[in-house]
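Using the sequences plus the hints, can you model the full thing?
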Amino acid sequence: MIRGLYTAGSGMVALQNRQEALANNLANINTPGYKEKEGVLRAFPEELLMRMNDEEGPEVKGYPKIGNHSVQIGKLHQGVYMSESISNFIQGDIAESNNPYDVALTDNLPIPENAPLFNKKPVQPKLFVSVAKLENVNGVATAEQIRYGRNGNWNVNPQGYLVNTDGYYMLGNDNRPIQISDDTGLLDGKITIGTDGLIHLSDGTTRQLGLVKANNPYQMVREGNNVFRAQNPEDVQALEGTDDGRFAIRQGWVERANVDPARTMTDMMTVMRAYEANQRVITTLDGTMDKAVNEVGRVT
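Going by full-length UniProt numbering, the sequence shown opens with residue 1, and the numbers climb by one from there.
Some clues are possibly wrong.
Said to hold, decoys possible - Here are the simulated BS3-like cross-link-like pairs (lysine-lysine), alpha carbons at most 25 Å apart as the crow flies: (1) K37 <-> K120; (2) K121 <-> K37; (3) K190 <-> K133; (4) K133 <-> K37.
Stated by the list, open to error - Here are the computed distance ranges between Cβ atoms for each label pair: (5) A43 <-> T192: 24 to 34 Å; (6) D203 <-> G167: 45 to 55 Å; (7) E223 <-> N114: 20 to 30 Å; (8) F118 <-> R246: 15 to 25 Å; (9) T270 <-> G139: 45 to 55 Å; (10) T192 <-> T142: 23 to 33 Å; (11) A274 <-> E96: 11 to 21 Å.
Hints are computed from structural coordinates only; laboratory data are not their basis.
Computed from a predicted structure; not experimentally measured.
Every residue gets a Cβ at the ideal spot worked out from N, C-alpha and C, and that includes glycine.
Take a look at the structure:
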């Protein structure tokens, strides 16, 4: 009976965590470039139950009887937990905004022969743009400062630098912030971005957008503000010649969140029903224990 309480209780905690992940996805449905999180539920290790003071009886399949141990009753799971939340890096829909500072990243990068496996399938590298929070805009962003994202909703800050809606500076391939406007008048904020990420400035110069690929995006650490940090810096590399034609930067477009609102709402209702079922199990077990303590064996 106590086991049932622990099992139902662990189920409620796991379902609550999954509901929070689903609610976060739904809240970010209008966040450009957002990648939904999927909660992974795992069962606790199963336990083999045995009778007390009883050495006669059949064996449980897959669990041979050893020595003079008690008779095996069967296997029992001790509950479930949400072990982790995994980002879904599928491409989101892109929508035309006609804003020259909006950029959509589209990619279908080639899968290398030695690609790591995820769910028994080779992992496809994903395209990201380098960003950073900087105090000194004249310096170079360090490895500790650099983050990676796909939020293509950009604008110009008062100093004339390209930033996204979360205040991160957009970096070039030299890890320096990209300035498109200044007080001299040579840079007036007008830019043209090619499909390869080359930015043409109003003074005739160019800057290459800091595009990188994560060979195993599932190893990246998700942080707030819709950005990721490289857990293994060697896993994030500059684009290579073999990647030409397998990605495109589309100016005047924006990538939407890859959250399916209908499926997310359905999943949330399913989780709520399962949560309520676990609540009823606990209520039933509590009533049973109440009777066992206060009524069973009572002299009338």
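Status of each hint after checking the structure:
1. K37 <-> K120: It holds: about 20 Å lies between the C-alpha atoms, which stays within 25 Å.
2. K121 <-> K37: OK: K121 and K37 at ~19 Å, within 25 Å.
3. K190 <-> K133: Roughly 23 Å separates the two Cα atoms, so the pair holds.
4. K133 <-> K37: The given pair, whose Cα atoms are some 24 Å apart, holds under the 25 Å limit.
5. A43 <-> T192: 24 to 34 Å: 54 Å, violated
6. D203 <-> G167: 45 to 55 Å: 26 Å, violated
7. E223 <-> N114: 20 to 30 Å: Hint holds: Cβ distance 28 Å, inside 20 to 30 Å.
8. F118 <-> R246: 15 to 25 Å: Holds, at about 20 Å.
9. T270 <-> G139: 45 to 55 Å: Taking Cβ atoms as reference, T270 and G139 lie about 50 Å apart, which means the hint holds.
10. T192 <-> T142: 23 to 33 Å: Since the Cβ atoms of T192 and T142 sit about 30 Å apart, the hinted range of 23 to 33 Å holds.
11. A274 <-> E96: 11 to 21 Å: At roughly 40 Å between Cβ atoms, E96 and A274 fall outside 11 to 21 Å, so the hint is violated.
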